[in-house]
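J.: Letter by letter, the chains look like this.
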Amino acid sequence: MKKRILLTLPILLLAATPEAMAHRAWLLPSSTVLASDQPWVTIDAAISNEIFHLDYRPMGTSSLQVAGPEGSSPELTNTFTGKFRSHLDLQLAESGTYKVYTASHGLNARWVDENGERGGYPQRGQQGTTEGLQAAIPENTQELTISEFSRRIETFMTSGAPDDHALEPTGKGLELNPITHPNDLFSGETATFQLLIDGEPAVGAEIEIIPGNTRYRDTQEQITTVTDGEGMLNVTWPQAGMYWFNATYTDNQAVAPATQRRGSYTATLEVLPE
Amino acid sequence: MRNKFLPLVLMSTITIGSFLFNTARAEEPVSLTIDIEIPQIQVAEYHRPYVAMWLANERQQAVADLGVWYDIALANQEGEKWLKDIRQWWRRSGRTLSFPVDGVSGATRAPGTHQVTFHDIAADGTKFSELPAGKYFLHIEAAREVGGREMLSFPIQLPLQETLVVEQTGETELGLVSATFTRM
Numbered sequence: 001m002k003k004r005i006l007l008t009l010p011i012l013l014l015a016a017t018p019e020a021m022a023h024r025a026w027l028l029p030s031s032t033v034l035a036s037d038q039p040w041v042t043i044d045a046a047i048s049n050e051i052f053h054l055d056y057r058p059m060g061t062s063s064l065q066v067a068g069p070e071g072s073s074p075e076l077t078n079t080f081t082g083k084f085r086s087h088l089d090l091q092l093a094e095s096g097t098y099k100v101y102t103a104s105h106g107l108n109a110r111w112v113d114e115n116g117e118r119g120g121y122p123q124r125g126q127q128g129t130t131e132g133l134q135a136a137i138p139e140n141t142q143e144l145t146i147s148e149f150s151r152r153i154e155t156f157m158t159s160g161a162p163d164d165h166a167l168e169p170t171g172k173g174l175e176l177n178p179i180t181h182p183n184d185l186f187s188g189e190t191a192t193f194q195l196l197i198d199g200e201p202a203v204g205a206e207i208e209i210i211p212g213n214t215r216y217r218d219t220q221e222q223i224t225t226v227t228d229g230e231g232m233l234n235v236t237w238p239q240a241g242m243y244w245f246n247a248t249y250t251d252n253q254a255v256a257p258a259t260q261r262r263g264s265y266t267a268t269l270e271v272l273p274e
Numbered sequence: 001m002r003n004k005f006l007p008l009v010l011m012s013t014i015t016i017g018s019f020l021f022n023t024a025r026a027e028e029p030v031s032l033t034i035d036i037e038i039p040q041i042q043v044a045e046y047h048r049p050y051v052a053m054w055l056a057n058e059r060q061q062a063v064a065d066l067g068v069w070y071d072i073a074l075a076n077q078e079g080e081k082w083l084k085d086i087r088q089w090w091r092r093s094g095r096t097l098s099f100p101v102d103g104v105s106g107a108t109r110a111p112g113t114h115q116v117t118f119h120d121i122a123a124d125g126t127k128f129s130e131l132p133a134g135k136y137f138l139h140i141e142a143a144r145e146v147g148g149r150e151m152l153s154f155p156i157q158l159p160l161q162e163t164l165v166v167e168q169t170g171e172t173e174l175g176l177v178s179a180t181f182t183r184m
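Chains as they are written, first to last, in the numbering used here: chain A, 1 to 274; chain B, 1 to 184.
Think of the hints as simulated: they come from the structure by calculation, not from any bench.
Where a beta carbon is used, it is the ideal one built from N, C-alpha and C, also for glycine.
A couple of the hints might just be wrong.
Unchecked claim - Under 8 angstroms between C-beta atoms, here's a sample of chain A residues computed to sit facing chain B:
1) S36
2) E270
3) L272
With these hints in hand, go ahead and build the complete structure from the sequences.
T.: Rendered as structure tokens:
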């Protein structure tokens with residue numbers, strides 16, 4: 001009995017450390033630059049520790065959406081969820097750029113109640129409501145942070161010539177405004193992107209860019225930067241490959257009852273050899 | 001009457017263009033001959049390479065397509081699927097075209113040396129003599145299914161001062177490639 005407790009304890013501690021939260025969510029397309037008439041792409045959707053390695057669990061597919069060029073009505077098909085990944089297919093029926101994405105926003109709260117117990121709303125993996133949040137927060141809290149959060153995960157594919165219709169920012173949450181087209185990235189070249197928070201430049205957003213296949217090397221080789229006064233960043237691609245691009249943003253410009261505004265943005269970008 | 005005026009209108013447009021952008025044009029007709037050697041490659045699975053050749057300006061914008069050799073005979077345009085593997089050409093020109101392209105599309109070629117010639121008029125109809133004066137690149141790019149990809153680039157200056165002969169030998173997918181630019 002004692003032995004079992006000893007064995008479980010480190011695991012529980014591990015689960016509470018920030019490292020355990022470092023799972024990365026991603027959408028990985030089979031191709032991003034396509035030729036021929038009405039080509040197909042297949043997309044893996046997963047959450048993992050190693051970038052693009054299926055080592056944790058599948059991403060849910062219910063919130064996945066797709067946008068395409070003007071006049072197109074793309075649909076995700078052959079949706080399937082297995083042990084480690086979800087999978088979907090997309091036909092690029094019209095020439096132009098497509099974006100597969102999941103976006104959510106809402107309120108969450110973290111607190112320490114009068115007895116020193118930590119609490120939060122909504123529960124992990126649950127969808128919260130404003131009413132639910134107000135009901136969940138205890139009467140007397142020692143600490144309370146209500147955040148307006150947004151989370152977006154996406155990837156891009158282009159058949160024929162790229163266009164910008166699917167890339168139009170919505171004005172909600174943390175988003176990418178690609179100055180350089182996300183399907184026009186080449187090693188050795190510099191791409192320029194802008195991050196927007198609720199449609200305005202996201203100044204000081206923290207950027208982390210990690211080349212795929214972390215499993216086959218000793219270091220993350222991440223590129224880290226911070227967006228400038230216009231929410232802009234430049235990245236010079238050191239090599240060709242799939243990249244995991246992540247931006248996080250926090251400020252105190254939230255709408256009451258929230259006191260904090262937080263955004264997380266993730267994209268999978270393919271960089272081709274020059 | 002209309003036909004008589006059209007050249008005038010075109011002329012004045014060009015004059016205004018030259019005035020605004022100071023773009024002197026090459027003017028001299030240019031003849032271009034390219035010899036491309038497709039090397040013999042000993043591999044278990046050999047496919048003839050896809051080859052694209054084009055002229056780009058100093059900013060690497062394609063200004064004239066000179067040809068693209070690919071599997072034009074495959075059913076259901078299957079061959080077009082791999083055009084993106086000629087990746088610099090795809091980026092600079094191919095992705096904006098619809099296939100087959102008259103005068104530009106052609107079948108893949110067997111190992112050996114192949115010659116193409118343009119008498120001032122590129123495969124896509126562009127006239128070399130109408131290109132603005134400046135620096136250009138002639139690019140030859142080859143990509144082979146289950147093989148490699150290679151690109152050779154030749155910088156040139158238009159208008160041509162004298163006959164220009166340039167050559168390079170590829171290391172993998174291209175053999176000796178030579179280009180001769182002559183004033184017509």
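J.: Going through the numbered hints above, which ones does this structure break? Give me the numbers in ascending order.
T.: 2
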